[in-house]
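Visitor: Chains Y and H, in that order, are what the protein sequence lines are.
Here the numbering used here is used: position 171 in the first sequence is 171, and no number is missing along the way.
Here the numbering used here is used: position 201 in the second sequence is 201, and no number is missing along the way.
Bear in mind the hints are in silico, worked out from the structure with no lab data behind them.
Among the hints, a few may not be true.
Given that identical chains are not distinguished, each listed pair holds provided it fits within a single copy or across any two copies.
[To be verified] List of simulated lysine-lysine pairs, BS3-like, C-alpha gap at most 30 Å: (1) 609 <-> 228; (2) 580 <-> 228; (3) 465 <-> 574; (4) 609 <-> 225; (5) 135 <-> 609; (6) 110 <-> 256; (7) 172 <-> 574.
The chain contents come next:
Protein chains: 2
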Amino acid sequence: MAKNRFTLPIEEGCENIVHDIIQKWGADAVRNSDGTTMTSFFEDLGLKVYATYFPTRNDQEWAKNNRDELQQIYLLSDRCTAVSDTLEIDPMHSYFDQQFEIHSQDDPHKYWQVINRTTGEEVSTDLWTYDPLTKKVLIKKTTPWNIYTVGFLAKQIWDVTQMYNHLINDWKDKHHEMPYDPAFPKTRAHILQDLEDWLKNHPKVNVVRFTSFFYHFTVVYDQHKQQKFGDWFGYSASISVPTLNNFNKEFGYTLKAEDIIDQGYYNTAYRLPSPAFQDYLKYQQKFVSQLAKECVDLVHKYNKEAMMFIGDNWIGTEPFGEYFPSIGLDAVVGSTSNGLGIRMISDMPGVRYREVRFLPYFFPDLFNDDNDPSSIAGDIWIKSRRALMINLLDRMGYGGYLGLAIKYPTFVDTVTLITDQFNQLHENLKDTTVSFIPVKIAILNAWGTLKAWQCNRTGHAGGGKESAPYTGVLEALSGMPFVVEFINFEDIKSDKLSQYQIVINAGSAYTAWTGDIHWTDPEIVSKIREWVYNGGGFIGVGAPTAYQYCGSFFQLSDILGVDKETENTINFSKRDSLSKTKHFITEDLRDPIIQTGFCERNIYSVSEKTQILSHDLINGIQLSTHEFGQGRSVYMAGMPYSLKNSDLIYRAILWAAHQEQSKEAIFSNNISVEGYAYQEKNLLAILNNSLEEQNAILKFQGKEYTVTLSSMELLWLKLI
Amino acid sequence: MAKNRFTLPIEEGCENIVHDIIQKWGADAVRNSDGTTMTSFFEDLGLKVYATYFPTRNDQEWAKNNRDELQQIYLLSDRCTAVSDTLEIDPMHSYFDQQFEIHSQDDPHKYWQVINRTTGEEVSTDLWTYDPLTKKVLIKKTTPWNIYTVGFLAKQIWDVTQMYNHLINDWKDKHHEMPYDPAFPKTRAHILQDLEDWLKNHPKVNVVRFTSFFYHFTVVYDQHKQQKFGDWFGYSASISVPTLNNFNKEFGYTLKAEDIIDQGYYNTAYRLPSPAFQDYLKYQQKFVSQLAKECVDLVHKYNKEAMMFIGDNWIGTEPFGEYFPSIGLDAVVGSTSNGLGIRMISDMPGVRYREVRFLPYFFPDLFNDDNDPSSIAGDIWIKSRRALMINLLDRMGYGGYLGLAIKYPTFVDTVTLITDQFNQLHENLKDTTVSFIPVKIAILNAWGTLKAWQCNRTGHAGGGKESAPYTGVLEALSGMPFVVEFINFEDIKSDKLSQYQIVINAGSAYTAWTGDIHWTDPEIVSKIREWVYNGGGFIGVGAPTAYQYCGSFFQLSDILGVDKETENTINFSKRDSLSKTKHFITEDLRDPIIQTGFCERNIYSVSEKTQILSHDLINGIQLSTHEFGQGRSVYMAGMPYSLKNSDLIYRAILWAAHQEQSKEAIFSNNISVEGYAYQEKNLLAILNNSLEEQNAILKFQGKEYTVTLSSMELLWLKLI
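Model the full assembly from the supplied sequences, consistent with the hints where possible.
Guide: As structure tokens, then:
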């Protein structure tokens, strides 16, 4: 079997063993990493050569000589309480002065905003001044005991990624790289020129790995050199005076500091996007895509491939947005450690091929005697593999120091096993797809397609305690034979619902992930009610449809059969207890306690027809079902990813979609073992989603398959 | 020592032992109970005779002959989803048809409201009809998939208290008593006449115990004869057509069904009271007080005392309201099981004396071999006694079947001990008060004085899991030598803050107990900030000052030093951990884990000066302090009552008020032992707040008192 879909990180000193590794892992490409150099030895191995290119910081001479054209950022000062009728604010007080410096060359009165956060009103510019000597803002005629903030522009004087590596690795006086901004025409032209020069000077490079394009996601350090704010999706570090001016030309109105700063919440994806912020997203996507296309065209001119790294300076590319395909990239590469990360890459449109760089990095933090890199890699593969069964991506690789990895022979063996399975998938699944269960699922939130596979996430992985109960649903779905799409509330209005059998609304109250004020829109709730009544399946996780309004908190409590106690109904009797009737969703459950994590709590039934499948005295209903007309609904208080919860979600979807008897569904009597049918190829793939041996009986189309699987095994059977 | 402050429930069959019990418990009054009869034997014991009188259901012949003048209630139908352009709603569907019947004699189009709960709009009366035959409402031209409700008037055809006893005791075909409404002039006159007749016919009765006056707090049963809604403070069962009409005359506008029904939340005390509901409270207080005064005058005319039971038909009396003293009652009596219940009675203004009827009732539910009535009574006494040390009330008693109680000799002994201690308190504390620590505390909520000692409560006791973290604070305070007052946001505006050293804001977000939208009022937050800055102490429990607005959730997060993560700041780094510096509040704490119950969660620091005294990885900050100017602030995620939490609250108040060194403060090295100084009498009272023997050292004014106390002991020492 050919193994030729692997990108190998190389390192000087590994010349002797590299052929063995290439053989074992099936490498057909090499790449360097931070701190390793692509020597001609490796360039001449006959493999494809990848090279990283940073469009906005490759030429630090340019940065030094054009400090006026460095990237900018909107920041909000501390919230300062006036104790008299004047107030002095040091905008930079809680920021890292090596990362930012105040940008006051462009009139602060034009680009900054001083806001009274007690009244919500902007302070007139004639009442405040910025002193470039003291670097402080003095506000006159303040209302004592009101809170004031200064929203200001700063220059980015240290590239975030380099700053992180610099501080972590204690690079001491190594030069701080500064990012320059293509919103300045001169710099824009230079970026293209620099790229062309670089392309000329790197004839052996086959793949230019843009890392990434122009604007980094927001990472802000505090005065103690620690991360204060980080948003993998954040746009606040992409703003600048020329961008503001160009925006005005295009949209006919002026963006204010507050449109980006958003009360200090910086429009994270959890926030319901404002109209102005949505316009800004459009503007920046268009700008980034146009320039990125010019970069890609240059790469093609030199007969190389253009690949984009998903992350770092990826702001504005929005791979699921309308402009991304126009960039014309050959490929994307992203790093991940789980199934939803895989699907975010493998579902990305508009490129020829997709690559995953699996974690863990070959870095000393995990490759040491306190850890077992082999098990870590195995766990990541197990989670990721589920998603590959549904939508296989084209290539894989790792990053870091090869010399470190080869010190761990069991790790080398595990990666050999992984690459072997990865190639089996390619061999067996060529030109076919999994046999989908005829259930099309819409994940409904305020973002829709634009943030596909990015819901409830704060970074690359599944997130912290707040997000885990909701990303767990996506993680489970990433490896299930359902078509999963992401829709927003406009899609509901334009009658897309009829395409789906299941709608899932998952997240916390008053976030973009559940929908916030959209749930007070009669058209939205009416259309969903009609669709459920006529047979649709509605699954709510956490605080679905939540908005305190007109006598309920969950606006679709009539469909869900449950609501959340917000102490408006504290005087109503609640007698919820576990349903005594067996239910399809939980009938095979041995242990009735569901791990709901940091889930929504105080959920109670509002209908006598609500069937409670899991309930605890403190938190209330954990899992319940309800019927509405011909439709079915499932409520889950939280579903952090686990094999058990994944099984529950699978069964909940089948039930809600009236597909308990689906002839495409596979049922396993062991939650650690999952099966995937590929009927066109007459194949059944069976996964051991654990590091232990497992026995299982799988049922598919009335047939039983009894199997014993070794750790991580991927077993192929002919369908009987 | 004289024992003559005890009201004894009598029962036929106890004639032989009653003298012994009178002696042991020091009874000077007798009363009957539900199901016991006051025979002449007991009437002639030479003790005061209490008799219960029910003004609105004493004459059931009147009720039967004047069914048009029964009490009414506003109810809301189920929330019904329209599936086409007409919708039929059965308003009574989920109500108990033996408790209510639809009242349609007065034009439904005038007094009912049909509301679209999807849009919030009222449905025009020409689009719906009520059919008295089918007892259903038909709505035409409904918007399909919108939710509709009918707010309607019903007659109360079964008195709630009698219904409860009837159903619990299975009284079968015993007549259902019906409450009649003094809002009807004819019934009003009859109530006074009936009372006068009754007074004439009960010459041996000394104390008329009104149980209570006219309107019962709201208790609504469902179609399964189970309680659906119960609100000890609820006014929705006090409404009627004549009341609506009279209200209109007095206030110049018409109350609508929705003003009482309140989206189905029925204006519980957790809800921020609307202007209309506040007007209604005023109207009903005035009406009830005026008629109650006439009743009391009649009682006095017959040389008897008038006593009001705190509960049942007490709606509109509002003992902390402005009209209550005008009733001219001699006394109040209330039942309780804890300290805050005691203070609610003992702090009540406008009466000559106050009586407590301690729980447990002598009823078979607790007086059986599965329970220990003695320990139950002991626990209740221990909690209540703390409050009596601060504000002693005048009399005590019990209720129920005496014949049952005397079967439990240890219970009889415990009550003997309790009455003995109660009398000691009266002997020792005559004409003096506890030595107050000079810290005056304001409990701030939207109700202020009107709901003194009633905050965060749903019924008589401390409430369920939602309220316990907040009522725990009141319970602790009930037995502490601080002046405690209750203020609302108007009091803040009228500059009452300067009277206080401490403000406490405790409860959940968006409730009247924390204040809801009041926190967006710049005047409110500014005045509190100024007051704290100049030395005030602000203690927040749960979601103090909560309202999502202008970039923070806790509007006084600048004072508290903490805020709640509402997923707007999920991308901000949080590195909270336990403070390494010792703090006065917790320095004596052996076990750092605080039981916060069903508390607020996900609290994080927003200031580097926040000192975290208790923290857990899942819920975040549990207890922290922060300084603001000269002032101090304490945040507590929840403080259900316990001896340990009580001690924490005591120390938190002293710290926040800068009174750690107070010469009035007593410190005990054992949380089960509390001391109270009465310096005018040169006495130190020391309580064992447990059923076990305790050793303790108490410090007061530099002196140490080393004591060993038996179970429940009350020890009196001379101050040294």
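Visitor: Now tell me if each hint is right for this structure.
Guide: Verification of the supplied hints:
no.: 1; hint: 609 <-> 228; result: between (47 Å within a copy, 16 Å between copies)
no.: 2; hint: 580 <-> 228; result: between (49 Å within a copy, 22 Å between copies)
no.: 3; hint: 465 <-> 574; result: both (28 Å within a copy, 13 Å between copies)
no.: 4; hint: 609 <-> 225; result: between (55 Å within a copy, 18 Å between copies)
no.: 5; hint: 135 <-> 609; result: between (64 Å within a copy, 24 Å between copies)
no.: 6; hint: 110 <-> 256; result: within (9 Å within a copy, 51 Å between copies)
no.: 7; hint: 172 <-> 574; result: between (62 Å within a copy, 27 Å between copies)
Comparing the model with each earlier hint shows no violations; every hint is respected.
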